[in-house]
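Peer 1: So you can see what is in the structure, the chains are spelled out below.
2 protein chains.
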Amino acid sequence: MRFAIDAMGGDHAPDEIVKGCLDALDILPADDRMIIVGDRPAVEDIMRERGVGADPRVVVQHSTQTIGMHETPVEAVRSKPDSSLVRIHALGSSKKTDDPVDFVLSAGNTGAHVSAATMTMRRLPGVHRPGIAVTIPLFHGPVVVCDVGANPEPRPIHLAQYAIMAETYAERVLGLKKPRIALLNIGAEEQKGTGLIKETRDLLKTIPSVNYVGYVEGRDLFDGVADVVVTDGFVGNTMLKLTEGLAKSLMKAIAHEVMVQDAELAIRLHEVMRGLFKKNDYHEYGGAPLLGVNGVSIICHGSSEARTIRNAIRNAREYVSAGVNEAIVRRLAELEGHPVMRKEEAA
Amino acid sequence: MRFAIDAMGGDHAPDEIVKGCLDALDILPADDRMIIVGDRPAVEDIMRERGVGADPRVVVQHSTQTIGMHETPVEAVRSKPDSSLVRIHALGSSKKTDDPVDFVLSAGNTGAHVSAATMTMRRLPGVHRPGIAVTIPLFHGPVVVCDVGANPEPRPIHLAQYAIMAETYAERVLGLKKPRIALLNIGAEEQKGTGLIKETRDLLKTIPSVNYVGYVEGRDLFDGVADVVVTDGFVGNTMLKLTEGLAKSLMKAIAHEVMVQDAELAIRLHEVMRGLFKKNDYHEYGGAPLLGVNGVSIICHGSSEARTIRNAIRNAREYVSAGVNEAIVRRLAELEGHPVMRKEEAA
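Going down the list, the sequences are from chains H and R. Residue numbers for the first sequence follow numbering that gives the first Met the number 0, beginning at 0 and rising by one. Residue numbers for the second sequence follow numbering that gives the first Met the number 0, beginning at 0 and rising by one.
No wet-lab data here; the hints were simulated from the structure. Heads up, some of the hints might be wrong.
Computed cross-link-like contacts, PhoX-like style, restricted to lysine-lysine with a CA-CA straight-line distance of at most 25 Å [what the hints assert, rightly or not]:
1. K251(R) with K247(H)
2. K197(R) with K342(R)
3. K342(R) with K94(R)
4. K251(H) with K251(R)
Throw the hints in and build the complete structure from the sequences for me.
Peer 2: Given below as C-alpha cells:
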C-alpha cells in the first residue's frame, strides 16, 4: 500500500506525527510506501533523533507551506497550494495523478482538511456531500456517528446518504452485521423533531437495504441501541466535543474528590482509571474517514499523539483493504432512480 | 406565595410528586398556599400515608384527566382541558383568572407542558418565543443553557432574546454579576457556524447590556468560560440528554471496572462517588423555568423524585421573589426600536 501523511498538521506537529509514522513501521509490510509530506529538515531531524536510518518504505517530500489550525478553510486551501495538507490530497486524487496513493491522513485544521479533500479529490459517483464518520468508543462497543462537522446545514438527502455510507463503513471496517441505523432526534416519538429529521426519516424508511431502527436521543447512545447514528454536522460536532469535555471533566472531578477524601484510595484508583481510559480512548480509533470523497482521506484529532497516528494508519489500511469506497459506489448505483439519488438543484 | 403543582406528571407520579410537595412544607411560610392538582383520591391517599393531616397551606383540587408522557403535545393539550397540566396553567394565567398563582410546576410531558404554558399563559410583552433555561451543575459552578427543547428551529431574533432572558435569570436567581453570555458553535473562529449562529452573533454584539463573550464549543462548557450558553432547542436538548447519558454510563463503567479489579476498593469508592453525585446532581436544581411566558411555569425532569420537587418549589419561590419576569419585561422595553424587538413576519 502507498499512503501520504501530513507531517505539519495538529497541535503536536511535526514531532508526534512523525514519531507516529515511524512507530507504524512495525505494522507495515516491506512493499508499503509511506510518503511523509512536510518541512524536510524538521522531519529528517525527528527521524535522526529516533535513530531511523534509510528505510525504503519511508519517503520524505518537502513542502514549503503549512496551514495553521485556525486559518479560514477555503481561503487557506486556495492560497497555499504547496501546503502539506493540500499536497497529500493531490497525491491521493485520481484527478491530479495517474497513480494516486491508497490513502492520505492529517491531524491538521479539520475545516481546511474537508475543503482540501473535497476540492482536490472530488466526490464518489452519486455522492452529494462528504461527511465525517467518527467512531466513538462507548462502554458496550463502538458507535459510528456521521456527520461530525463537514456539513453543518445538510439537506435530508445528505443525511440519508450518510446513513448508507456509514452503514457500509461499520459493516466492513467494524465488522458489524446489518448495523442498526438511527437518526438522532430530541424524542423517540414520530411527531418529534424538525422538518429535516422527518424528511430524512421518510427517505430512510424507503431504502430496503438500510436497517433503520428509528429515532435515538442523546442519552440512548450509551445504551447500545444503535450502531450508526446519523445527524447534521453541527449537532454531531457538538456531541463529539461535549463528550470529550464531559468525560475529561468528570474524571478530573472524581480524582479530586478521591484525593481529598482518601489519598491511599486515589493511588489505587489511578491504575483502574488508566485501564478504563485505555479501553475507551479515541486515540485507539485514531482517525475518522471523510466518507464520500473520491479517495481515502482520514481526519485525525487535532491533539493526536504518536500512538493516535500509528493507530490511524493501521485503521486506514483496513479501510482500504475492506474496499469501503467501492462498496459505497455499488450500493449507491443499486439505488439509481431512488429519491436519495436524485440530482440536487442549486441551493 | 400561592402556587399550583401538577400531581400527575412524571415517571414517578403521583407518589413522588405529592411526597415532594409535603416535604416542601418545612420551607413554606404559614401564609403560603400550595394547590395540588390531580386525582383527589390518589393524592389524599399519599397524604394519609405520610401522616399529613389538615394543613391550611395545602389545597387539593381534583382533575379528571391526565396527559401521558408520550402524547402528542398540542393535541393532548387541546383535547384534555381538565388535565392537571392544563389546569395548573389556567391557575397561573392572568388571562384565565383575576388572581393567578405565583408559579406552576410539573414533571410531566415537556412538549405538552410548553404547549399548555404558551397557549394558556401567552407571552410576556415583547417576547417572540419562550425558551427553557436549564441550570447544569458543572464542577466549577452552574451554567445556564437556553433553549433546551421548546424551540428546535429558532430564528436569530429568538436566540438573541434567550440571551437577554437567561442573563436576567442568571443574574437574579443564581446571583451572578454580569453573567458571561456565549453562543454555542462548532468552532471559536468568527467564520465558523451556520447562518443562524452568525446572525445571532451580529444581533448580540449590538445589545450593550449583554455581556457577550463569543462562541463556545461543547468541550469548553466544562472549563467555566461562560455562565449562560445560548443555543437552539434541538442542540440544547441533545446536549442535555447526552450529558445525562454519558455521566451515568461513565459512572457505571468506573464502578464495574473497580469491582472487577478490587472489590474492597469498590466499597470505599462508592462513598466518594455518592458525595460527588450529590454535588453535581440535577435534582438539586429541581426545575427549569420556561422563560418568556406571561407567568412562572417550571418544568421538572420526567424522572423527578420527591427531593427534586421539593428543591424545585424552593427555587421557583426564589424566581418569583427575585422578580425575574418583571426584570425581563423592563430589559426588553429598554430595547424598544432595537432589531431584537422588531415584530416577526408570519413564517
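Peer 1: A separate judgement is required for each hint: does it hold in the structure or not?
Peer 2: The hints, checked one at a time:
no., hint, verdict
1, K251(R) with K247(H), "16 Å, holds"
2, K197(R) with K342(R), "20 Å, holds"
3, K342(R) with K94(R), "22 Å, holds"
4, K251(H) with K251(R), "16 Å, holds"
In the structure shown, no violation is registered for any of the earlier numbered hints.
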